[in-house]
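Chain A is fixed; fit chain B onto it per the hints.
There are 2 protein chains.
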Amino acid sequence: MTELFADKFKNKILSQKRGLIGIAQINPIAGNIEYNAKKVVKYINLAQSIESDLVVFPELTLMGYPIEDTIDRYPIIVEDNIKWLKEIAKITTKTCAIIGFVEPREDINVGKKYYNSLAVIQNGAIKSIVRKSLLPTYCEFNDYRYFEPSPVVGCQSADTLCNFDESKIENCPKTIIINGIKYGISICEDCWNNKEFFNDNVLYSKDPVEELSKENPDVFINCSASPTRAKKEQLKHNMLSFISKKYKTPFVYVNQVGAIDNSSFDGSSRVFNKEGKLIARAKSFEEQFLIVNPIKNIGEIYPLTNGSEKTLAEVKEYTLEYEPDLERTYKTILQGIRDYFNKTGFEKAVIGLSGGLDSSVCAVLLADALGKDNVLGISMPSVITSSESKNDAQNLAQNLGINFLEAPIKNVVDNIDKTLKEIFKKVETKWNNRFEDSFTMDNIQARSRAIFLWGISNEFSKTLPIATSDKSELYMGYATINGDMSGGFAPIADVPKTKLFALAKWLNENRAQKNTIPQSVINKKPGAELAINSETGEPLTAEDALMPYEFLDEIIWRIENKKENYYDMLNAKFLYEKHKNLPKEQKIEWLDKFYRRMSNALYKWSIMPPSIIVDSRSINKHDYKQPITSSKINYKGISEKEISEKLKEFLLCQT
Amino acid sequence: MTELFADKFKNKILSQKRGLIGIAQINPIAGNIEYNAKKVVKYINLAQSIESDLVVFPELTLMGYPIEDTIDRYPIIVEDNIKWLKEIAKITTKTCAIIGFVEPREDINVGKKYYNSLAVIQNGAIKSIVRKSLLPTYCEFNDYRYFEPSPVVGCQSADTLCNFDESKIENCPKTIIINGIKYGISICEDCWNNKEFFNDNVLYSKDPVEELSKENPDVFINCSASPTRAKKEQLKHNMLSFISKKYKTPFVYVNQVGAIDNSSFDGSSRVFNKEGKLIARAKSFEEQFLIVNPIKNIGEIYPLTNGSEKTLAEVKEYTLEYEPDLERTYKTILQGIRDYFNKTGFEKAVIGLSGGLDSSVCAVLLADALGKDNVLGISMPSVITSSESKNDAQNLAQNLGINFLEAPIKNVVDNIDKTLKEIFKKVETKWNNRFEDSFTMDNIQARSRAIFLWGISNEFSKTLPIATSDKSELYMGYATINGDMSGGFAPIADVPKTKLFALAKWLNENRAQKNTIPQSVINKKPGAELAINSETGEPLTAEDALMPYEFLDEIIWRIENKKENYYDMLNAKFLYEKHKNLPKEQKIEWLDKFYRRMSNALYKWSIMPPSIIVDSRSINKHDYKQPITSSKINYKGISEKEISEKLKEFLLCQT
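The listed protein sequences correspond, in order, to chains A and B. FYI, the numbering for the first sequence is 90 to 744, going by this note's numbering. FYI, the numbering for the second sequence is 90 to 744, going by this note's numbering.
Pulled out of the complex, with its shape left as it was, chain A reads as follows (with noise of 0.2 angstroms):
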């Protein structure tokens, strides 16, 4: 037990029994029942052998949380959750027990079949069902897809376990009493809809947090599972301190661990006291089990993953300066290949090195997520590649100790491309629309590649290819089908460029091992290597074939962060524009390129593997959704009296 809590706090803690409360943040697999009970009652145990009151467990605890239609299709996992909550039920003693888990609306006609519950358990059996009111249906969420919304916040009796309807709401308190101290449980989208914090700009028009309020409860409890984000961790804590401190009353908050396919969620479960005062906060991006005593005001808060406080001031311009989100977005990223490959039964992750900066970025990813000999770095050299590349990437993979072999592709490539040049004389004498420039080459080169990493994956057990597409290049569509977009996990997907840039320079100095990535990697212009630019005779560069990356990733964050259009864009002045001279018209190509290239990069963002969200917003296709036929849209609008023009004109021609 000792390693449960510093010593410091041993003593305290547990001389203050009442009102002790174990925080059991875990790391779920979604749909793994079996798995997931397993971990309740390990930390049941453990929360019964220092006798707390209480033991808390995230959102949706025996199922994982998204479980999306996966209930629909497998409705006899919903029936295990039943059978197992109930039979963890019978384990417990004094120590009362708050488990999520999916609640079937048996007997019950209108409305979803689910409700996404909590049940409190005591002494052997269920003493009580909370039910979340609140379904987000924004960004990664689709609650309300599955579930309904229940019509009463709190608690309600045990007997209404599967068969509860609105008819049946019994006006009993909602507030739920263990061991002389009152309890106000809510469910996480519960507890984000405070319209004093929020300056009334609300999803819904109930406050869960605020009705249960009116029963004065001592603490109030809140069970989430909720992904980390870009600049949503001082969101997160203004808002549960300004809850805690609005109605003077503790606010014990806890959050599921671990990645589920696209979502990283951090952890971080939190206890603030009345004041509003965070006096516990578990670990982020680890499983951890946290003794708090919010009454007394005690418990040990454990720093949050480092430098995340200082994303949470919101960015009002923007910069270069990533720093403070870097800890953050590689602890997001690692936990995200971590738990994709653990979940799924994979180990070994197999990976093209170029030399440049987004292969060398995730192979670091990768050896830190899988441990360095399970990675296997090669390098696949073609007639265009510099010996500077090729050099870079043996260094890297030296560097950082996983295996690595060189696999030059010029004879495939020279194959296939003889090959293709012949179909392609067929084809012109059908059809007459070849380009006359084209990037089929270029392609070629990546789609070889892509080849042998997924021949090494088909021949090596538990292998994944991974794609090194970035976010930057991935708005711009400036990725190769079947090529670098290609893999089975795609680790940089949401991090644009300049970010990739600060990232490699933070993980040369962060990580135990010093300058991994070879200092020449990040000075050089990134370019995919598989052009020459007809003007300088040298490799084509990207910012060549798109625009400058600086310039790039503030249109990105502007429409991201700041919501804004082409016209407020091409009026406001870029980073890129204080310090170097910009000609408008160079403003306007760029701009038009960037929606351009945008709009049709929608079919490629809709066939990216599962990729890890990290920023406030992203191009995931969980997270954005745009179809692909909308791709001609005007992004420039149209004024009332241009459209009165082209009315009267197309009037003309119909007559």
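Any given hint could be a false lead.
Stated by the list, open to error - No farther apart than 30 angstroms at their CA atoms in a straight line, the calculated lysine-lysine pairs in the DSS-like style are these:
1) Lys710(B) x Lys321(A)
2) Lys461(A) x Lys515(B)
3) Lys216(B) x Lys337(B)
4) Lys652(A) x Lys202(B)
5) Lys519(B) x Lys499(A)
6) Lys366(B) x Lys335(B)
7) Lys334(A) x Lys271(A)
8) Lys128(A) x Lys321(A)
9) Lys420(B) x Lys321(A)
10) Lys127(A) x Lys730(B)
11) Lys515(B) x Lys479(A)
12) Lys651(A) x Lys175(B)
13) Lys714(A) x Lys295(B)
14) Lys730(B) x Lys551(A)
15) Lys201(B) x Lys334(A)
16) Lys201(B) x Lys175(B)
17) Lys730(B) x Lys710(B)
18) Lys725(B) x Lys737(B)
19) Lys662(A) x Lys172(B)
20) Lys420(B) x Lys721(A)
21) Lys710(A) x Lys652(B)
22) Lys320(A) x Lys714(B)
23) Lys735(A) x Lys676(A)
24) Lys710(B) x Lys201(A)
25) Lys420(A) x Lys714(B)
26) Lys737(B) x Lys175(A)
27) Lys366(B) x Lys730(A)
28) Lys271(B) x Lys183(B)
Unchecked claim - According to the in silico footprint, chain A covers these stretches of chain B (three or more CB under 8 angstroms from chain A):
29) 193-202
30) 419-432
To be verified - Estimated spans, in silico, between C-beta atoms of each pair:
31) Asp681(B) x Glu285(A): 50 to 58 angstroms
32) Gln743(B) x Ala214(A): 19 to 27 angstroms
33) Lys461(A) x Glu525(B): 23 to 31 angstroms
34) Pro240(B) x Lys651(A): 26 to 34 angstroms
35) Tyr124(B) x Lys405(A): 34 to 42 angstroms
36) Glu729(A) x Tyr124(B): 16 to 24 angstroms
37) Lys614(A) x Lys320(B): 56 to 64 angstroms
38) Lys519(B) x Lys603(A): 21 to 29 angstroms
Because the hints were derived from the structure by calculation, they are not lab data. Backbone N, C-alpha and C fix where the C-beta goes; we use that ideal spot for every residue, glycine too.
For chain B alone, coordinates are given in the frame of chain A:
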């Protein structure tokens, strides 16, 4: 004007002007306001030229449905749809138009940013606004993600435009009177919640049509965007007939036509009289302006896509008699291909022709959707490809009249093969996890072919490669990543193999040109011809690798249509078992194989190209969502007793 109605109706209809309604069943482009607005103007003009009382358009007319997060990223198109609406209003005369649009909720802080609304416009001005109350969030629908449900049904005054909130609800009539006739107007899902019709099993507690009925309207109008799916047609017909009969009120139902990405809308707008009898129906899968008079019982009934009526009856047992659904399937996919190409600006398709069923059916669909000159079939034989398959591919192309060429892949495959074998040797020195048997070399063939197809797509403008995977094989993950499952569009991803056989025969019998698909294609056993069966020495068939398609497709049918689980199916009698001896052990083996393979196929589903939803349920990622990391689901479930034993054991280990 004469082409508007058959001559027999012309005089009858035009002599009954009062109550005349034009149903404008249009095919919009999502987000392209100008394109959609011009269609609206065209049909308003038409309606005004025949002096009809009304012209009604589908849901979200100006925006196209669905629009998804596009309006969040491009709020400017919402501004534009309001501007266009106001300008269009100015050209209206006595004829009243009902137009769908996205309505911003300005000055309102609680809830989502938009309503899904209709504007009733007449005599140069907006007369009234109707807002959608019931927001579907299941299958391919995401309405609640970006719309706020309306707190009130029916009409509200024009001055609530963009500025409506609950506190402003007017107690004026919810119906609207136009030329002396009273209309009760609703939007799509609003009419799908009749408790009586659905035997009290409904998704929402509120029934907007029931509420409107209290004001005794003369006619109901519902503006919809409802995609076609197997078995939906009869349900829709019966429901609308039931409602009109129940309320003794004619019902005018206007549907969108055309495809938006994965959803193919069938149009088939219709009118029921107050006895619940169908009196008018527009064409399926075609834009049309249909003139009706619901009060006078006047209209034309265009035939449903042949056989659709017969698909209506709920099939209680699995059958290979797909005939009733084949024309609908054909037209659904045809429209899907055509609109995907048209709306994204592509014109030509390139497809690998193996001489097998999947690619043959795809080629016919492409030729019919895009025109034979816009299709290029390539036979890419490997060493395993039989001469019969080569001939079949060529014969099919010849029959169809599409462009054709042969490009052997042997050299390229050999070259990659050789290089990969060297790589594998090197990898083996580092890792000891090489498979004894692998599919690596099989996949190389499929991937080499995709390299050629994508190469042509890169080299020739407006040309997309086609993914030929079918539904049965996708369920089993029996498709090669970056190989046959890669492409710009996947026409048959929602058609199971046994249905494809039926579709092939149907195409041979029902297209103008008979027997396009060589009989030998239909006769041969499906198989990718990627490997040799070591037992028979013949190319490995898909059924060798999987299980009989008849059995496989019945599993899919039972899961999708009857929601059966593993044990339900183990105990059910399959069609296959009725004519073949199937030992229980074999059945168990196949069922287990199915579930195991389906779980491992989740990743492949997530990276599938856009495809058309055809069936009542699908694995299209916009229709079915399951975390990839949930692949370890216990699909067999567990008993209380087993749980209790597992718990005991686990607790013993813990102490």
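Outcome of the hint check:
{"no.": "1", "hint": "Lys710(B) x Lys321(A)", "verdict": "holds (28 angstroms)"}
{"no.": "2", "hint": "Lys461(A) x Lys515(B)", "verdict": "holds (17 angstroms)"}
{"no.": "3", "hint": "Lys216(B) x Lys337(B)", "verdict": "holds (27 angstroms)"}
{"no.": "4", "hint": "Lys652(A) x Lys202(B)", "verdict": "holds (14 angstroms)"}
{"no.": "5", "hint": "Lys519(B) x Lys499(A)", "verdict": "holds (24 angstroms)"}
{"no.": "6", "hint": "Lys366(B) x Lys335(B)", "verdict": "holds (12 angstroms)"}
{"no.": "7", "hint": "Lys334(A) x Lys271(A)", "verdict": "holds (17 angstroms)"}
{"no.": "8", "hint": "Lys128(A) x Lys321(A)", "verdict": "holds (28 angstroms)"}
{"no.": "9", "hint": "Lys420(B) x Lys321(A)", "verdict": "violated (47 angstroms)"}
{"no.": "10", "hint": "Lys127(A) x Lys730(B)", "verdict": "holds (16 angstroms)"}
{"no.": "11", "hint": "Lys515(B) x Lys479(A)", "verdict": "holds (18 angstroms)"}
{"no.": "12", "hint": "Lys651(A) x Lys175(B)", "verdict": "holds (28 angstroms)"}
{"no.": "13", "hint": "Lys714(A) x Lys295(B)", "verdict": "holds (29 angstroms)"}
{"no.": "14", "hint": "Lys730(B) x Lys551(A)", "verdict": "violated (34 angstroms)"}
{"no.": "15", "hint": "Lys201(B) x Lys334(A)", "verdict": "holds (28 angstroms)"}
{"no.": "16", "hint": "Lys201(B) x Lys175(B)", "verdict": "holds (23 angstroms)"}
{"no.": "17", "hint": "Lys730(B) x Lys710(B)", "verdict": "violated (37 angstroms)"}
{"no.": "18", "hint": "Lys725(B) x Lys737(B)", "verdict": "holds (21 angstroms)"}
{"no.": "19", "hint": "Lys662(A) x Lys172(B)", "verdict": "holds (29 angstroms)"}
{"no.": "20", "hint": "Lys420(B) x Lys721(A)", "verdict": "holds (25 angstroms)"}
{"no.": "21", "hint": "Lys710(A) x Lys652(B)", "verdict": "holds (27 angstroms)"}
{"no.": "22", "hint": "Lys320(A) x Lys714(B)", "verdict": "holds (27 angstroms)"}
{"no.": "23", "hint": "Lys735(A) x Lys676(A)", "verdict": "holds (28 angstroms)"}
{"no.": "24", "hint": "Lys710(B) x Lys201(A)", "verdict": "holds (21 angstroms)"}
{"no.": "25", "hint": "Lys420(A) x Lys714(B)", "verdict": "holds (26 angstroms)"}
{"no.": "26", "hint": "Lys737(B) x Lys175(A)", "verdict": "holds (14 angstroms)"}
{"no.": "27", "hint": "Lys366(B) x Lys730(A)", "verdict": "violated (47 angstroms)"}
{"no.": "28", "hint": "Lys271(B) x Lys183(B)", "verdict": "holds (16 angstroms)"}
{"no.": "29", "hint": "193-202", "verdict": "holds (count 4)"}
{"no.": "30", "hint": "419-432", "verdict": "holds (count 3)"}
{"no.": "31", "hint": "Asp681(B) x Glu285(A): 50 to 58 angstroms", "verdict": "holds (56 angstroms)"}
{"no.": "32", "hint": "Gln743(B) x Ala214(A): 19 to 27 angstroms", "verdict": "holds (22 angstroms)"}
{"no.": "33", "hint": "Lys461(A) x Glu525(B): 23 to 31 angstroms", "verdict": "holds (27 angstroms)"}
{"no.": "34", "hint": "Pro240(B) x Lys651(A): 26 to 34 angstroms", "verdict": "holds (31 angstroms)"}
{"no.": "35", "hint": "Tyr124(B) x Lys405(A): 34 to 42 angstroms", "verdict": "holds (38 angstroms)"}
{"no.": "36", "hint": "Glu729(A) x Tyr124(B): 16 to 24 angstroms", "verdict": "holds (18 angstroms)"}
{"no.": "37", "hint": "Lys614(A) x Lys320(B): 56 to 64 angstroms", "verdict": "holds (57 angstroms)"}
{"no.": "38", "hint": "Lys519(B) x Lys603(A): 21 to 29 angstroms", "verdict": "holds (26 angstroms)"}
Checked against the numbered hints given earlier, this structure breaks hints 9, 14, 17 and 27; the rest are met.
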